[in-house]
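Q: The chain contents come next:
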Amino acid sequence: MAKWGMVIDLEKCTGCQACSTACQMENNRLPGENYQDVLYYTEGKQPAPTLSWFPRPCMHCEEPSCMHVCPTKATFKTEDGVVLIDWNKCIGCKFCMIACPYGVRFYTDEKPLIEPNIKSVFKGEGDLSWNPPYKGPQQDASHGVGIQPNGVVSKCTFCYHKISKAPKGTPDLSNDDPALREFVPACVRTCAPTARYFGDLDNPNSKVNRLISAKKGVRLLDHTGNKPQVYYLTGGGAAGGAIPSSRANDKKA
Amino acid sequence: MTTQTAAKGPVNTIMAAGLTGLVVSLGLVMVGLLQEGHAAFNTGSNGITWGLPVVTYVFFVLTSTGLTFVASLAMVFGFKDFYPIAKRCIWLAVVTLIAGFASLAMEIGHPFRMLWAIPLSFQYLSPLNWMGVFYAAYLGLLLLKFHKVNGGDWDSGTSRQLGIASFVAVVIAHGTLGGVFGSMAMRPMWYGGLVPIYFLLTAAVSGAAFAVLITYLTYGNEAAMPEKVRTLMQGAMPKVFAAVLAVVILAVVSRTVTGLWSNADGLQVWDHIVASPWFWIELLLMVAAFFMLLTGSSPMWPAVMVIVSLFIGRYEFIISGQLVPLFKGSWVPGLISYTPSLTEWMLVVMAFSIVFFGWAFGEKSLNLEAAPKEQ
Chain U
1 MAKWGMVIDL EKCTGCQACS TACQMENNRL PGENYQDVLY YTEGKQPAPT
51 LSWFPRPCMH CEEPSCMHVC PTKATFKTED GVVLIDWNKC IGCKFCMIAC
101 PYGVRFYTDE KPLIEPNIKS VFKGEGDLSW NPPYKGPQQD ASHGVGIQPN
151 GVVSKCTFCY HKISKAPKGT PDLSNDDPAL REFVPACVRT CAPTARYFGD
201 LDNPNSKVNR LISAKKGVRL LDHTGNKPQV YYLTGGGAAG GAIPSSRAND
251 KKA
Chain W
1 MTTQTAAKGP VNTIMAAGLT GLVVSLGLVM VGLLQEGHAA FNTGSNGITW
51 GLPVVTYVFF VLTSTGLTFV ASLAMVFGFK DFYPIAKRCI WLAVVTLIAG
101 FASLAMEIGH PFRMLWAIPL SFQYLSPLNW MGVFYAAYLG LLLLKFHKVN
151 GGDWDSGTSR QLGIASFVAV VIAHGTLGGV FGSMAMRPMW YGGLVPIYFL
201 LTAAVSGAAF AVLITYLTYG NEAAMPEKVR TLMQGAMPKV FAAVLAVVIL
251 AVVSRTVTGL WSNADGLQVW DHIVASPWFW IELLLMVAAF FMLLTGSSPM
301 WPAVMVIVSL FIGRYEFIIS GQLVPLFKGS WVPGLISYTP SLTEWMLVVM
351 AFSIVFFGWA FGEKSLNLEA APKEQ
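Residue numbers (our numbering), protein chains in the order written: chain U, 1 to 253; chain W, 1 to 375.
It is possible that some hints are incorrect.
Taking lysine-lysine pairs in the DSS-like style, the calculated list, with each CA pair at most 25 Å apart, reads [what the hints assert, rightly or not]:
| id | chain 1 | residue 1 | chain 2 | residue 2 |
| --- | --- | --- | --- | --- |
| 1 | U | Lys45 | W | Lys328 |
| 2 | W | Lys228 | W | Lys239 |
| 3 | U | Lys123 | U | Lys111 |
| 4 | U | Lys12 | W | Lys80 |
Computed footprint of chain W on chain U, listed as stretches where at least three residues anywhere in the stretch have a Cβ under 8 Å from a Cβ of chain W [what the hints assert, rightly or not]:
| id | region |
| --- | --- |
| 5 | 18 to 28 |
| 6 | 54 to 65 |
| 7 | 136 to 143 |
| 8 | 161 to 168 |
For the record, the hints were derived by calculation from the structure and aren't laboratory data. All C-beta atoms, glycine included, are put in the ideal place defined by N, C-alpha and C.
Just chain W, with the same shape it has in the complex (with noise of 0.2 Å):
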C-alpha cells in the first residue's frame, strides 16, 4: 500500500460546513418531530403519502449502489485505472448508505419498532423487505470490505470475495427498490418490469458523478492531484460518466414521451411534469453537463450538475407518481398539491451534511488515497 500527495482541497471547510449543517438540520428536524411528530411534514392521508424525504432516501442509497458500480470497476471487473479513487468511493457508499438511511427513519412512524417486527413477522410478499434485506447485507459486506482496504488487504481472495458479494447484494438490493415501485400496478407512473433498470443506470451516473465531485473536492484542482488521479478524472472516468449518462437521457426522455402519449388514468400526470419548468431544468443540466464532458474540459461541474439534476429527478419520480388522487372526490378535486414543510427539507440538508462530513471525517482520518502497490 502506498500513501499518495496528500489532499489540499477544503476538507476541513467541508467537513465544518457539514458538522454545522448535521447539528442545526437534525435539531430543526427534531424540534419539529417532537412538538408535531409527522404532522411537520406536508404529506397526509390525502395529500402525497411518500414525501421529500422518501425522495431523499432514495437519491442517497442510489447514489450509494452507484459509488458500489464505480468502486466495483477496478476491484470486481479489474478495471485498474479506477483503483486511485475505489477506496473513497467504498467509504462515501458506506455513508451515503447511512445518510439515506437516516432520512427514512425520520420518516416511519415506528422505527425501532421495525427492528423487531420485519425478523419475526418477515412478509416474504412484501418488496420492502426484500430492500431491507438486500441495503442490510450490503451495508454490512461494505463495512467488511473498508475494513480490509483499510488494512491494506486488496487482492486476498476473501477481500475479493467481499468486493463480488458487495456487489452482487447491491445490485439485487437496488433492484428489490425498483420492485418497490415497479411492482404498483395501481399506479401506472411507476409500474414496470423496466424500473429496476432505470434506477440501475440513474445509480451508476449518480455514482460517477458523486465520486468526480469527491475527487475534486479531495484535491482542490487537476493540478493538485496525484498524477494516476489526474488520468483517471481526465481519461476514463468522464468517458464512461458520459455514456452511461447518454443511457440515462435517453431513459428519461423515452419514459417521459411514452407517459405523455399513452392514456391510461394516472399518466396524465406527465402533463403536469413538463409542464414544470423544473423537468426542462433536470433535462437542459443533464444534456449539457452530456456535451461538456464530450468536449474534454474538467468533469467536475457536469457532476454537480448531474446530481442537482438527479435530485430533481428522483423527486419528480417519487412525488409524481402519487399526484393523481385514487378515490378522493371533492377532497381533492385535481391533482393533489404537495410543497415540503421545513422539516421535510432539513432533512435533505441532514442527508447531505452526514455525507460531507462523513466524506471529510474519513479522508482526514481513513487514509482514502490508498490504493494498491501496483497502483
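One chain only, chain U, in its complex shape (with noise of 0.2 Å):
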C-alpha cells in the first residue's frame, strides 16, 4: 500500500496561487476557506521590506495530532496514509482545529469572509453549507469530499477522489505521464512551475523520494512530533523559513 505524500520545492514556487484557485473549484471552497492556501507575509519597511509566501496544503501527518484528539474517530487515516474526515460521524466539536499546528482546518458556519453572503446566493440543499454552480467531485460525505455539509470540520484531502482511484503500484502522480494525469491532485495538475510532485513516501524509487533525499527535503514544525508527510525543498534552509515568525508582525489585535 502506498503512502502519499507531497513535495514542494519553494525555490520553483511563483506564489502565483494557481494551486489554491485549482484546489476551490476542486472542492467547491468558499471564499477564504482554502484547503490549499498560498500565504503571504509582509516583514520590514522600506526601503527593504521584504514579501514571502508560503504553500500550505494540510500535511497529512503520520502522527496527526487532529485524530488523536477526535472523540468519534471521524478523523482517520486511511491504509494509503491519508488524512480524512468522515462528516457522517463529525459532531463538530471542533477539537482537531485547536489541535491542528498548521491551522489547516475549516468550519464554514460562521460569518461569511465577503458579501454578499455566497451561502445565501447558492443556498444549499438539505444539510449541505451551499451550493456552488460549479460542482467539483461526486459527494462523499464519508471521506469528506464533495460540499461541505453545516455542522462539521472539513480539511484537504489530497484530493482523495482522485488518488484513490489510481493504478496500484504508482509511483508517482504526476502530469507527465497522460494516463496518470485524472488522478493528479488538482494543486499539483495545475502548478505551472511544476513546484509540486505528489508520490509513494514508501517506495524508494518515487521522485519525491529522491528529490526529498538529493535536495534535503525537511517538514514544517518538524520539533511537533506530527511528522507531516508534506516536504519542502528550500535550498538548505528550514521549511519555516519562507515565514517570518508571527511576533514580527504587528501583534496589535
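Got two chains here, separate frames each, mind docking them using the hints?
A: Following this line, the structure appears as C-alpha cells:
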C-alpha cells in the first residue's frame, strides 16, 4: 500500500496561487476557506521590505494530533496514509481545529468573508452548506469529499476522489504521464512552475523520495512530532524559512 | 433530619428573574441559531475556534466541581461545620453542571449525533472523551447522592460511598478537562501538566464563592441565618475561601510572569493580556476579595467579586490561548480579534439563568436547608 506524500519546492514556487484556485474549484470551497492556501507575509519597511509566501496544504501527518483528539474517530488515516474526515461521524466539536498545529481545518458555519454571502446566494440543499454553481467531485461524506455539510469540520483530502482511483503500485502521480493525469491532485496538476510533486513515500524509487533525499527535504514544525507527509525543498533552509516569526508582525488585536 | 429556619432571602424574586432570563435568552439564542446556524457566533476558521460558549461551559463545570469540593468537606472529609450548606452545594453542583452542558450543547455542530457517535466510535486517546465520560459519571453519582440526602440518608454506607465516588469522579473529570487544554503542545499558552492542578484550584475557589453567595441569597442577611450557618459564614468558610484564593492569586501571577518572560512563539499573547484592563480588574478583584475575607467582614461581596474575576479569568485563558494565529498569513496579520456576538452573550445569560432558576426551584421545593440530625 502506498503512503502518499507531497513535495513542494519553495525555490520554484512563484506564489501565483493557481494551486489555491484549482483546489477551490475542485473541492467547492467557500471564499477564504482554502484547503490549499498560499500564505503571504510582509516584513520590514521601505526601502527594504520583504514579501514572502508559503504554500500550505494539509500536512497529512504520520502522527496527526487532529486524529488523536477526535472523540468520534471521524478524523482517520487511510491505509494509503491520507488523513480524512468522515462527515457522517463528525460532531463539530472543533477540537481538531484546536489541535492542528498548521491551521488547515475549516468550519464553514461562520460569518461570511465577503458580501453578499455566497451561502445565501447559492443556498445548499438539505444539510449542505451551499450549492456551488460549479460542482466538483461527487459527494462522498464518509471521506470528507464534496460540498461541506453544516456543522462539521473539513480539510484538504489530497484530492482523495482522484488519487484513490490511481493504479496500485504507482510510484508518482504527475502530469508527465498522460495516463495518470486524471489521478493527480488538483494543486499539483495546475502548478505552472512544477513546484509540486506527489508520490509514494514508501517507494524508494519514487520521485518524491529522490527529491527529498537529493535536495534535503524538510518538514514544517518538525518539533511538534506530527511528522508531516508534506516535505519542502528550501535550498538548504528550514521549511519555515519563508515564514517570518508571528511576532515579527504587528500584534495589536 | 431537621428542617431549619425557613429562608427569608429574595428566592422568589430570583426564581422569577431566572425564569425570565432563561426564556428571553433561550428565545434569542434559538432565533440566532435557527436563522444563521453557528454563523450567529463570531467564531471562525480564521478566528477563534472555541469562543464564549466554551468559556461559559468551562466556567460552570468547574464551578460544579468546586461546589462538590465544598460539599465533600463535610460528606467525605468529615468537617461537620460544613453540613448546613452541604445539600445546597450538591444541588447547586447539579444545576451548574447542567448549565455548563447546556452552553456546550448549543456550541457543538451536531450535539445529537454526539450521543451515538462517541459511544460507538470511542477514541480513547482523546481527552475530550474522558472528560465526557467522567463528567457524565459525576452527574449520575451527584444525582444519586442528592437522592439519598433528599431522602434523609446522610450517613449510610451507600450514601457515604456515593459521596466519595462523586468526589473522585469530579477530581478526575476536572483533570481531563485540564488535559483538553494542557495537552495542546502546539498552543504554548495552554500547554503544561500543571493545568489540571490550576483548574482544581480555581474550581475550588469558584465553588466556595458560589456556596457563599447562594447561602446569603437564601437567607438575605447574616441575622436571618440559623446559628450554625451563621457560624460557618463567619468562621470556617471565609477562612477556607481566603486560603484557596491566596493560592489561586499566586497561580495567576505565576502563570503571568512565566508567560511574559518566556520567549516561545505563541506566548507573546501575554503582552496583550496584561495590556488589557480586564486582566487588572481580574487581579484587583481577587486581591481585594482576599483582604476583605481576612478582615472578617461579610464574605458575600468577596464571593461576588471572585465570581466576576474568575469569569474574566476563564475568558482570558480560553480565548487568549487561540489569539496567536496558526499559519494564517495575511488573512490574519496580527493577533486574532474576537468580540462575542449577541447570541454568544445570550448563552452566558442562559447559563446563569439556569443556575439561579435551578437553585431557587430547589430552595423552594427540595428543602436544601436540611442537615443530619446531629447537626
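Q: If a hint holds in the structure, say so; if it does not, say that too.
A: Against the structure, the hints:
1. U:Lys45 <-> W:Lys328: holds, 21 Å
2. W:Lys228 <-> W:Lys239: Measuring from Cα to Cα gives roughly 16 Å; hence the hint holds.
3. U:Lys123 <-> U:Lys111: holds, 15 Å
4. U:Lys12 <-> W:Lys80: violated, 74 Å
5. 18 to 28: Violated, because only 0 residues of the region 18 to 28 of chain U bring their Cβ atoms closer than 8 Å to Cβ atoms of chain W.
6. 54 to 65: holds (count 3)
7. 136 to 143: violated (count 0)
8. 161 to 168: violated (count 0)
Checked against the numbered hints above, the structure breaks hints 4, 5, 7, 8 and satisfies the rest.
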